[in-house]
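J.: Single-letter residue listing:
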Amino acid sequence: MPAATRMRVCTPPLNNKEGRLLLGFMWKYRTLYLISIPGILFFLVFKYLPLLGSVIAFQNYNLFAGFKGSPWVGLEHFERMFRHHDFLRILKNTLLLGTYDILFAFTAPIVLALLLNEVRLALYKKIVQTIIYAPHFLSWVIVSGIFVGMLSPSSGIVNVILGWFGVEPIYFLGEDSFIRTILVGSGLWRDVGWGTIIYLAALTGINPELYEASQIDGAGRWKQTLSITIPALLPVITVLFLLKIGDFMDYGFERVFVFQNPLNIQNSEILDTYIYKAGLKQLQYSYATAIGLFKSVVGLFLLAIANTLSRKATGESLY
Amino acid sequence: MALIGREHWSRKLFLICNYLFLTGLSLSMLLPFLNVIAQSFSGAVAIDRGDVLFWPVDFTLNYYQYVFDDASIWRAFGITVYITVVGTLINLAATSSLAYPLSRTEYVGRKYVLLFVLLTMIFTAPLIPQFILMRELDLVNTLWALMIPTAISAFNLIVLRSFFVQIPPELIDSARIDGCGELRILWSLVLPLSKPALATIGIFYSVTNWNKYMDALYYLNDRKLYPLQVKLRELLINDDLVDTGNLPFDVSSQSVQGVQMAVILVATVPIIMLYPFLQRYFIKGMLIGSIKS
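Sequence lines, in order, name chains A and B.
Residue numbering for the first sequence follows the numbering used here, starting at 1 and increasing by one per position.
Residue numbering for the second sequence follows the numbering used here, starting at 320 and increasing by one per position.
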């Protein structure tokens with residue numbers, strides 16, 4: 001039984017009574033293990049196997065020769081990556097967007113949740129929540145369609161409204177100075193409401209007596225927020241923050257790709273979109289994988305640092 | 320809060336500003352949508368002049384006519400419906416099949432398997448090895464490429480498992496004593512009890528499947544297989560793909576933007592229609608999933 005064999009690795013040696021009891025126990029529930037095999041296989045094949053495939057970053061991978069037939073070139077692709085004339089620019093875009101993501105996209109839902117928490121009218125709160133959760137369900141293609149339409153120099157409402165103030169129409173998406181703002185802004189538009197769900201839930205878990213007690217002591221709402229609400233949210237914030245740091249380099253392929261055009265590409269090309277173009281479009285498999293590995297390694301590194309810092313500072317950590 | 324009778328004026332001011340801000344925020348999410356709807360019904364001249372704000376100007380149904388007449392749009396729509404329905408069924412089946420065993424204490428080593436799964440949330444393989452794998456499995460350029468690699472989402476797995484854990488072991492044990500096999504227990508006992516959780520992750524999966532774009536871009540070459548989002552994207556960026564020759568020969572109604580807005584609407588209408596019913600499910604789901612993670 002394959003399942004029993006695999007499980008054997010995790011259990012005590014069989015040359016004692018416990019081991020045999022355990023195996024008997026597992027045999028009794030063997031169907032359970034059988035049912036779980038497809039799922040485990042799924043993760044093995046589709047999540048872990050490609051990780052092993054990253055080894056082609058160190059080869060000159062040839063589709064027809066496969067792994068065994070392709071020559072090994074060591075760090076050649078990494079050197080090529082660092083020497084690429086656009087590497088610094090692309091890396092800078094990636095890092096900048098990652099930073100904006102943390103500065104704005106991470107903090108905004110927290111602030112919004114706190115603001116929503118102050119609303120007393122239940123019906124109003126419900127209506128607002130329904131509206132702000134909605135954009136999350138739209139695909140990035142649609143979001144970009146909406147934003148491109150709004151920002152159009154001829155017919156977009158943004159320029160129409162600017163026109164009321166006598167401002168000349170601006171081709172927002174055609175100038176690279178605006179593109180990062182547009183990327184961050186569209187991200188906020190789509191996800192800020194959705195992000196409040198967790199925080200609002202955590203807020204309901206705060207003991208109301210804490211607020212009453214502080215009120216007797218004469219604390220105003222602001223003071224209450226600082227000394228009760230935020231500390232109570234700290235565990236949730238920390239975990240989510242650490243997860244966010246882990247995704248620092250993964251701003252998102254689709255959300256950037258849909259806004260790119262030749263005019264704004266200077267500031268909008270990130271590692272993920274470049275990997276797509278170099279890897280799938282230009283068929284430079286090994287090179288693109290090297291870049292992908294680089295990205296993952298940096299991300300893990302940041303996560304490890306952040307986790308350690310967090311454990312030292314607040315005692316909370318992911319692992 | 321009932322202790323203090325008077326509110327300081329600064330509190331009142333804050334509340335007013337808060338309401339203003341929240342209303343403004345909600346409007347900022349609603350209005351662009353109204354703008355899209357309005358443009359999709361408006362005459363070409365009005366659109367180009369920027370006259371259309373939130374209500375159609377020079378009402379016309381021509382763009383929708385165009386959309387309904389375009390077979391390739393319907394094809395893409397059909398494909399998206401297919402991968403949403405079939406894909407979500409696959410998702411639910413696969414996720415349940417792993418979540419159920421992992422929720423039972425009889426499953427020795429479940430901590431390890433859980434860790435095994437959780438790790439995949441942190442370590443993701445680069446694109447090219449994934450692509451090569453798909454190629455090796457002969458999944459490239461098939462619709463399966465959109466449904467199988469994403470069959471189980473670690474997040475949804477955890478949500479479902481958390482729900483399964485709450486099913487009393489006594490219930491399952493008594494079914495076992497009655498002679499039910501595990502599969503039968505899963506199918507006839509556990510799943511019916513778990514309808515809310517299944518609905519929740521079903522929604523998450525469905526939305527992901529409906530919005531599939533990236534995977535189609537990576538793995539599909541055959542244009543006939545393109546799902547709706549890819550087709551939509553094509554129409555949005557290639558203004559000349561919109562064959563204005565198909566529109567009735569009436570200058571006032573030939574606007575590429577109008578057609579684009581109409582297609583956006585068509586792509587979004589199913590989500591809009593279902594959205595009000597889904598709200599309480601996904602909120603609950605998000606809570607469970609996040610806390611467990």
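Since the hints were derived computationally from the structure, they do not count as laboratory data.
Note that CB positions come from ideal geometry on N, CA and C, so glycine has one too.
Each hint should be verified, as a subset may be incorrect.
[Unchecked claim] Far from chain B, by Cβ distances over 10 Å, these chain A residues were calculated:
| id | residue |
| --- | --- |
| 1 | Lys-47 |
| 2 | Phe-58 |
| 3 | Lys-92 |
| 4 | Leu-96 |
| 5 | Ile-102 |
| 6 | Val-160 |
| 7 | Thr-181 |
| 8 | Leu-210 |
| 9 | Val-298 |
| 10 | Phe-301 |
| 11 | Ala-306 |
[Stated by the list, open to error] Simulated coverage check for chain A against chain B, where a stretch passes if three residues somewhere in it have a Cβ under 8 Å from a Cβ of chain B:
| id | region |
| --- | --- |
| 12 | 77-86 |
| 13 | 110-118 |
| 14 | 130-141 |
| 15 | 151-157 |
| 16 | 241-254 |
| 17 | 275-284 |
[As the list claims (entries may be wrong)] In silico DSS-like links for lysine-lysine, alpha-carbon gap of 25 Å or less:
| id | chain 1 | residue 1 | chain 2 | residue 2 |
| --- | --- | --- | --- | --- |
| 18 | A | Lys-281 | A | Lys-92 |
| 19 | A | Lys-223 | A | Lys-125 |
| 20 | A | Lys-126 | B | Lys-543 |
| 21 | A | Lys-126 | A | Lys-68 |
| 22 | A | Lys-125 | B | Lys-543 |
| 23 | A | Lys-92 | A | Lys-223 |
| 24 | A | Lys-223 | B | Lys-603 |
| 25 | B | Lys-331 | A | Lys-126 |
| 26 | B | Lys-543 | A | Lys-277 |
| 27 | B | Lys-603 | A | Lys-244 |
| 28 | A | Lys-244 | A | Lys-68 |
| 29 | A | Lys-28 | B | Lys-430 |
| 30 | A | Lys-312 | A | Lys-92 |
| 31 | B | Lys-331 | A | Lys-125 |
| 32 | A | Lys-281 | B | Lys-543 |
| 33 | B | Lys-543 | B | Lys-430 |
J.: Hint by hint, say whether it matches the structure.
T.: Structure-based check of all given hints:
1. Lys-47: 4 Å, violated
2. Phe-58: 12 Å, holds
3. Lys-92: About 20 Å separates Lys-92 (chain A) from the closest Cβ of chain B, which puts it past 10 Å; holds.
4. Leu-96: Holds: least Cβ distance 22 Å, greater than 10 Å.
5. Ile-102: At roughly 17 Å from the nearest Cβ of chain B, Ile-102 (chain A) sits farther out than 10 Å, so the non-interface label holds.
6. Val-160: Violated, since 4 Å does not exceed 10 Å.
7. Thr-181: 15 Å, holds
8. Leu-210: 13 Å, holds
9. Val-298: 13 Å, holds
10. Phe-301: Its Cβ never comes within 10 Å of chain B, the nearest being 13 Å, so this holds.
11. Ala-306: The claim holds: Ala-306 (chain A) sits with its nearest Cβ about 13 Å from chain B, beyond 10 Å.
12. 77-86: n = 0 at 8 Å, threshold three: violated.
13. 110-118: The restraint on the region 110-118 of chain A holds, since 4 of its residues have a Cβ under 8 Å from chain B and three suffice.
14. 130-141: As far as the region 130-141 of chain A goes, the hint holds, because 11 residues have Cβ atoms under 8 Å from chain B.
15. 151-157: Answer holds; 5 residues pass the 8 Å Cβ test.
16. 241-254: holds (count 5)
17. 275-284: holds (count 4)
18. A:Lys-281 x A:Lys-92: Status holds; Cα separation ~23 Å.
19. A:Lys-223 x A:Lys-125: 23 Å, holds
20. A:Lys-126 x B:Lys-543: Distance of about 42 Å is beyond 25 Å: violated.
21. A:Lys-126 x A:Lys-68: 59 Å, violated
22. A:Lys-125 x B:Lys-543: Not satisfied, since the Cα-Cα distance of roughly 45 Å exceeds 25 Å.
23. A:Lys-92 x A:Lys-223: Distance of about 39 Å is beyond 25 Å: violated.
24. A:Lys-223 x B:Lys-603: With Cα atoms ~31 Å apart, Lys-223 (chain A) and Lys-603 (chain B) exceed 25 Å; violated.
25. B:Lys-331 x A:Lys-126: With a Cα-Cα distance of about 21 Å, the restraint between Lys-331 (chain B) and Lys-126 (chain A) holds, given a limit of 25 Å.
26. B:Lys-543 x A:Lys-277: Judged against 25 Å, a Cα distance of about 22 Å means the pair holds.
27. B:Lys-603 x A:Lys-244: 22 Å, holds
28. A:Lys-244 x A:Lys-68: 37 Å, violated
29. A:Lys-28 x B:Lys-430: The hint holds at about 20 Å.
30. A:Lys-312 x A:Lys-92: Given that 25 Å is the threshold and the Cα spacing comes to 29 Å, the pair is violated.
31. B:Lys-331 x A:Lys-125: 18 Å, holds
32. A:Lys-281 x B:Lys-543: 20 Å, holds
33. B:Lys-543 x B:Lys-430: 44 Å, violated
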